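**Q** Work out the full structure, taking the sequences as your base and the hints as a guide.
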Amino acid sequence: MKVLILGAGYATRLYPMTLTQPKSLLPVAGKPMIDYVLDNLAAIPAVDHVYVVTNTKFAGHFQKWADAYRANKAKLDFTIVDDGSTDESNKLGAIGDLHFVLKREKIDDDLIVVAGDNLFSQPLPEFGLFCLEKNAPVLGVYDVRTLDQAKKYGVVATDAAGKITSFIEKPANPASTRVGIALYYYPKAVHPLIDQYIAEGNNPDQPGRLIQWLHTRTPVFTWTVPGLWYDIGSKETLEEASRIFSSKR
351 MKVLILGAGY ATRLYPMTLT QPKSLLPVAG KPMIDYVLDN LAAIPAVDHV
401 YVVTNTKFAG HFQKWADAYR ANKAKLDFTI VDDGSTDESN KLGAIGDLHF
451 VLKREKIDDD LIVVAGDNLF SQPLPEFGLF CLEKNAPVLG VYDVRTLDQA
501 KKYGVVATDA AGKITSFIEK PANPASTRVG IALYYYPKAV HPLIDQYIAE
551 GNNPDQPGRL IQWLHTRTPV FTWTVPGLWY DIGSKETLEE ASRIFSSKR
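Under our numbering, read the sequence shown as residues 351 to 599, first letter to last.
Think of the hints as simulated: they come from the structure by calculation, not from any bench. Just so we're clear, the structure is a prediction, and the values are computed from it rather than from any experiment.
For lysine to aspartate or glutamate, the following EDC-like pairs were computed, each having C-alpha atoms within a straight-line distance of at most 20 Å: (1) Lys484 with Asp460; (2) Lys502 with Glu590; (3) Lys381 with Glu590; (4) Lys407 with Asp437; (5) Lys425 with Asp385; (6) Lys414 with Asp385.
**A** This is the structure in structure tokens:
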């Protein structure tokens, strides 16, 4: 099983902090936020290789981080993939990056895809077990507790078996506070559907759009993320996460 960390964005909302440093490498309670992402996914025994897709501007930053992580923590194999983009005008988008890495690296294995700015407070070995058990696409979900918060994400509805029946991206009137987050599992059998999504000219950005399209074509299951989850999109959420994670140490 492979992991793909999405880290090719330019995080303009966090300027000037992200002018010279990718968002995923900004510190949260003293360590890069991407460490929280990988520390918790590395707890999945089946994971044996990590890809980080980034842009030309920050490829060197991520290579330096990966070398240090491998030396000091999990002895995973890393590949830093430069998607060739240089700014907002020519970026590939999250789904475009996913497709780019699948093709360029010739990945023929099950794949966990996660945004590098999604912080988890707990290890996620059960996510890996659930994905292997279902052998079908899986979306991580989280209860954001308020309808105002839910408006920022894709709101999910499921049937009794946990399969997605509805996925509405950033609804004006959310039906619930249960949202999809940037944690996905794509078994290798569904990789051709990712090819199809791109070939049909669908929106290559906002990774939830792939789930919105996919669940009408093949069963997609949900898995509830335990503990705390933060989507770092602003200075305020970065500061809040730093406070919370500092207090948990």
